[in-house]
Amino acid sequence: MIVETGHFALALALALSLVQMVMPVWAARSSDPALRQTTSQAALGAFACVLFAFAALTWAHVSSDFSVQNVVENSHTQKPLIYKISGVWGNHEGSMLLWVLILTLFGACVAGARNSVPPRLRANTLGVQGLITFVFVLFIITTSNPFTRVVPAPLEGRDLNPLLQDPGLAIHPPLLYLGYVGFSITFAFAAAALIEGRIDAVWARAVRPWTLAAWVFLTLGIAMGSYWAYYELGWGGWWFWDPVENASLMPWIAGTALLHSTVVMEKRDALKVWTVLLAILSFSLSLVGTFIVRSGVLTSVHSFATDPTRGVFILAILVLFIGGSLTLFAWRAPLLRQGGLFAPISREGSLVLNNLFLVAACATVFVGTLYPLLLEMLTGDKITVGPPFFNATFVPLAIPLLLIVPFGQTLAWKRGDMLAASQRLFVALGVALVVGLAVLAMTWGGPMMAPVGVGLGAYLLIGSALEIVSRARGYGVRRTRSLGVIAQRAVGLPRSAWGTALAHAGVGVVVIGIAAQGWASEGLASLNPGQSLTVGPYVATLDRVAPKKGPNYEEAGAFVTIRDRDGHAIGEVETGRRFYPSRQMTVTESGLLTRGFSQVYASLGEVGKDGSIGLRLYYKPLVLLIWLGAVVMALGGALSLTDRRMRVGAPAKAKGRAVARGAVPAE
Amino acid sequence: MVAVTRKKRRLILITVCGSVLALAVGLILFAMSGSIVFFRSPSEIEAQAIPVGTRLRLGGLVQDGSLKRGPGQTVNFAVTDHGATIAVQYTGLLPDLFREGQGVVTEGVLEPGNHFKADTVLAKHDESYMPREVADALKKQGRWQEGGAQGAPALASAKAAPVKADSSSADATPAAGGALGPRSER
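The listed protein sequences correspond, in order, to chains A and B. Going by our numbering, the first sequence opens with residue 1, and the numbers climb by one from there. Going by our numbering, the second sequence opens with residue 668, and the numbers climb by one from there.
Honestly, the hints are just simulated from the structure, not real lab data. Please note that a few of the clues may not be correct.
Taking lysine-lysine and the DSS-like style, the derived pairs with C-alpha atoms no more than 25 angstroms apart in a straight line are [claimed, not checked]:
| # | chain 1 | residue 1 | chain 2 | residue 2 |
| --- | --- | --- | --- | --- |
| 1 | A | Lys609 | A | Lys548 |
| 2 | A | Lys414 | B | Lys675 |
| 3 | A | Lys609 | B | Lys735 |
| 4 | A | Lys549 | A | Lys609 |
| 5 | B | Lys735 | B | Lys784 |
| 6 | A | Lys414 | B | Lys674 |
| 7 | B | Lys784 | A | Lys382 |
Everything numeric in this text was worked out from a predicted model, so none of it was measured.
Build the full structure now, drawing on both the sequences and the hints.
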């Protein structure tokens with residue numbers, strides 16, 4: 001009964017999203033503000049309905065209701081409770097339902113944001129959002145219904161893909177979707193602005209928190225997915241340039257560009273058309289990502305099932321939204337009035353450059369991801385575009401971008417002074433050079449790019465520290481040398497300033513982590529108990545191989561003692577191979593030993609008849625910095641989000657200018 | 668500086684945009700020419716004279732009974748599409764779902780005598796998943812859904828079974844028909 005009610009709630013959500021879509025149009029014609037109010041109520045109602053539907057599906061999974069096909073295919077009575085819950089979105093239908101749940105959640109948030117979004121913009125935004133909700137709920141109901149029953153109901157389910165039975169994967173999709181779908185809000189805002197034909201700093205201020213929130217979640221989601229791939233797939237790699245990974249990276253890059261261009265728009269009323277285009281692109285790339293992952297054009301762990309009707313439906317959605325929004329853009333964008341002149345060398349100029357490089361990098365990822373599909377469609381040739389392609393295109397575009405990050409921060413708005421900026425960055429450049437050279441000297445004979453990368457990371461870290469220091473020290477007449485005053489001012493700086501510095505420092509941390517992988521080493525051997533394998537600075541000795549039993553799997557576990565070169569024991573690592581009888585599937589569980597930010601990574605191969613095992617061992621110096629840096633970036637974003645300016649109501653136009661020019665130096 | 672006209676500003680902007688875009692396009696073209704790997708089936712390798720040393724992806728079915736473990740972690744196996752068979756050598760841990768009679772994609776370099784030295788054996792994520800390239804290649808060969816084609820090597824398969832069976836207690840190889848059939852998730 002609960003399942004049917006959930007199905008009904010979903011149908012109700014479809015109707016409500018239609019109301020949400022139509023009301024703003026009607027309100028505009030009849031100029032009755034009460035109709036606009038209905039839009040918000042419809043958005044809240046749609047959220048409540050989808051939430052109920054989602055809860056109903058979760059209930060079916062938790063209670064192992066095997067009369068529901070979705071539960072049969074993805075659950076098992078012996079599966080631990082956490083995976084019964086995460087199994088709800090560990091499959092196509094459930095994950096689409098989660099997608100829509102988050103979509104309506106954002107809609108409800110916009111409906112509730114009475115203070116920060118002007119009523120008319122809010123109504124129009126919700127209208128566009130209603131259209132997106134309508135289309136996706138229709139997609140679920142017609143092609144991917146999670147509430148389909150099975151008659152007769154089997155006694156036992158088929159279990160969730162063991163690879164997905166992992167705490168990391170339990171939270172990865174919700175985080176990623178919060179990011180992906182969060183860009184639907186900025187998209188809706190952009191479309192609303194185009195429909196109104198008016199866009200200003202008020203718009204930028206209203207959009208910024210949503211972009212920032214989506215970006216924070218997407219950052220965390222990507223980092224989580226990368227860490228999962230690292231420890232669960234047992235290959236020791238952290239990024240494979242897999243199309244599915246690229247699908248999440250592209251909206252992230254576009255979103256990062258959007259984040260920076262909305263700053264320009266809010267502060268200086270410039271880059272309007274460009275910002276709107278980026279808002280459209282970010283969500284379009286999220287949709288392309290959904291298409292790549294969900295349509296089954298690529299087969300991977302993410303495409304839970306291949307069904308051509310779904311692919312066609314998603315392709316139609318893609319054409320509708322991307323084509324529709326770009327048409328709207330071409331038609332209405334000329335109406336948007338440009339403002340805010342600036343010189344090429346200025347904060348705005350550097351942010352334009354940032355946007356250019358980000359978009360170019362995004363384009364290379366886009367080409368690398370979609371070109372093989374296109375080529376296969378046209379010629380039938382099957383090609384693989386792998387890491388060498390992305391290393392040769394993405395990395396050269398990312399490096400100049402990283403170099404200008406601290407530069408942009410030291411340039412003034414409107415008109416900057418290149419020389420003064422270079423002088424201010426002198427410390428950062430000097431320290432980075434010293435760090436790079438010192439590292440090079442210490443690791444002489446090793447890879448050349450690694451010290452360069454570490455130096456670049458140090459440059460970014462010090463650059464962001466300088467950002468805070470020079471802002472606290474003040475400019476012109478406010479400039480002070482007193483440390484006390486500087487510290488006092490630093491504390492008093494707006495949280496968005498600290499957030500920016502923290503996020504940029506996070507980028508530096510990621511760069512150091514990535515660069516350090518140049519020194520990673522690996523070894524492979526067949527070991528009998530007592531035998532050893534040396535990798536990097538560590539020696540691993542196989543102690544024993546022992547069987548183990550889990551709730552829904554059997555495991556052969558290898559216990560390995562890690563010693564340093566002097567023979568001191570550092571710790572024990574357990575790696576195993578788990579066999580899941582319900583799916584007849586074996587999964588390798590890698591073993592990790594963390595030393596500071598570095599890790600020793602053990603992965604078990606096959607267990608031979610004579611008791612020998614295949615063991616692959618990796619030494620990964622500073623590898624944790626990669627994900628830690630991403631978390632620092634997300635923290636920076638979250639800190640900015642708590643800034644007062646993000647919450648207070650959109651100021652009137654004149655007031656907004658006054659704030660930007662006020663005593664606090666503009667960000 | 669003050670007198671930067673709108674026109675001049677636009678010119679600078681366009682120049683910078685153009686050069687970054689040109690850089691991106693240049694990088695893409697450069698990388699495309701050097702780092703693209705083509706997918707080939709065993710029959711295609713046999714039929715076409717592919718130069719030794721070419722990096723490519725080889726996909727097909729792991730021939731039953733062909734898996735031999737050498738010293739260390741080197742393994743030898745054969746990849747077949749029932750039209751032709753290519754011997755593959757690989758050093759490393761085989762992915763969890765590597766089984767005889769099932770689809771596989773390997774990446775590596777072609778050596779003299781049509782031997783293939785793989786440095787990557789692609790892990791599959793799902794037991795019922797056939798790499799799409801392999802499925803297409805088999806379709807081209809007209810072998811799709813010909814489960815019975817596995818009849819002859821069945822004996823060899825039984826012989827080879829113990830070698831791999833102890834990797835996990837009950838590593839039951841699904842019927843060859845199942846492995847060859849189209850993916851039947853739904």
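Evaluated hints:
no., hint, result
1, Lys609/A x Lys548/A, "holds (18 angstroms)"
2, Lys414/A x Lys675/B, "holds (16 angstroms)"
3, Lys609/A x Lys735/B, "holds (14 angstroms)"
4, Lys549/A x Lys609/A, "holds (20 angstroms)"
5, Lys735/B x Lys784/B, "holds (15 angstroms)"
6, Lys414/A x Lys674/B, "holds (17 angstroms)"
7, Lys784/B x Lys382/A, "holds (20 angstroms)"
No hint from the list above goes unmet by this structure.
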